[in-house]
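Using the sequences and the accompanying hints, generate a full structural model.
Protein chains in written order, with my numbering: chain A, 1 to 152; chain B, 1 to 267.
Hints listed in this document are in silico derivations from the structure and should not be mistaken for laboratory results.
It should be emphasised that the depicted structure is a prediction, and the values quoted were computed from it without experimental measurement.
All C-beta atoms, glycine included, are put in the ideal place defined by N, C-alpha and C.
Mixed in with the good hints, there may be bad ones.
Stated by the list, open to error - A partial selection of chain B residues facing chain A, derived with a Cβ cut-off under 8 Å:
id, residue
1, Leu29
2, Gly90
3, Met92
4, Thr151
5, Ile203
6, Gly212
7, Gly216
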Amino acid sequence: MNEQRGHSIWFTFSSLLFMPIVFCGLTFVIGMEVGDGGFKRFSNSLLTSYTLTSIFLLLTLFVYGDTRKRPIAPLIGMLVASGLGVLITFMMLSQGEMLMEDNGSVRAQALSNIIRFSTTLLAVIVSGLLVGGLVFSSLMQNSDHSSIGEEE
Amino acid sequence: MNMESDLQVFALFWMAGALVMLGGLLSLLSKSSKVTRAGKFMALVGGFSIIISPWTIPSSPSSAFGHFFGSILGPTALLTLGMYNIAFSGNMSVERLSKTERRNGFIMVFLALLWFEGMHWWQFTPTYQGEINPYWLIFWATLLLVSSGFTTSAFVMVRGLGDQRDREQRLLLVVQVMLFLLVFLGLQVDGPNVLASDFVNEIWLVGADVFGMVVGGGLAILMFTFVIFIYESQSIEPQVLHPPTEEELKQAVSILSPHVSGGAEDE
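What follows is the structure in structure tokens.
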């Protein structure tokens, strides 16, 4: 049963990435000149996402602390993890052409990465609203069933 | 950019961004209603400061984000309200909305989608300082790419977990086909402002962005899990008490029995 559930989680996760992979493949079929800058964008996005998510999780530790007599160790652990993200980002950006895009300085590139991450995050939220809203509305309109997965 | 405008950008854009993030976190995570209200207010003030950044700090490249944010606010609000109206006019046991609100919801969602489409295929494209706003292009490509991913995932979930959910599966299939057609058209046909070649490049770059975001976010969550696991595994186990003796049980019964109705007869 657990193995089946594990498989279905992986299958759902893979299906999440399936269409984006198809579309990216389609851009290769249509325009062979694409690919330039893809690695930079991937790396910048990875580092920014890691750093900002770590900072967000660090802040959520204050809520976790409410139930655990405010421990210091996890805070320090996540502070180190976030700091590592910042350090690696600035180290990689300082290597010159490797991760730098059309920005004049390391600071400008880092700030540009944050704005781009926010834009992507906004798009993900609106996508979730659109698809989630559609599915939820459809489920609510259907009078035959009250919830999904109630019967096996 | 001189020192003064650097400070202005910091105060009016980056501090505002921090306010949105902090305010959002406080309103989501705090248990106190006062703090939640304060968090919402902070997020609102920060968001407003970002939206008016094209007027307050026009020389900064960051203000393009404020312009983009303002541009998508209208259709996003319409979409949210419309979805709310449609969903909560369904088979809800409480606070069910009327049929008029349901119809309004459909109109709102239709208008919102038309508005978004008009940005690509008509003259509504957000242009800032004479050029297409680059953040809008990123947003639009990401929206199509991620919506498509979410639709596939929702289809798999509804098919796997749902019982007789053919209607939802058909709906998701239609949405998926429409999204595919929209992306395919965008990749092949030039819009009045967005060229197909630009869109091809944007889809590829946005794909890299999304995969980077998934991997980076996943790594951060993994690190968080690791930190919590280490902390919890090192904490001292709570002291386990011995089971009560016969004498202690008798004493407990003698204290409890006068306060329990029915008493010995029921037992």
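Consistency of the hints with the structure:
1. Satisfaction of the interface hint for B:Leu29 is found here, the shortest Cβ-Cβ separation to chain A being roughly 5 Å, below the 8 Å cut-off.
2. With a least beta-carbon distance of about 3 Å to chain A, the hint placing B:Gly90 at the interface is held under the 8 Å criterion.
3. A hinted interface residue such as B:Met92 counts as satisfied when its beta carbon comes closer than 8 Å to some beta carbon of chain A; here the least separation is about 7 Å, so the hint holds.
4. For the restraint placing B:Thr151 at the interface with chain A, the shortest Cβ-Cβ distance is roughly 5 Å, inside the 8 Å limit, so the hint holds.
5. The interface hint given for B:Ile203 holds, since its Cβ lies 5 Å from the closest Cβ of chain A, which is under the 8 Å cut-off.
6. Proximity of B:Gly212 to chain A holds as hinted, the smallest CB-CB distance being about 3 Å (cut-off 8 Å).
7. The interface hint given for B:Gly216 holds, since its Cβ lies 3 Å from the closest Cβ of chain A, which is under the 8 Å cut-off.
The structure meets every hint from the earlier list without exception.
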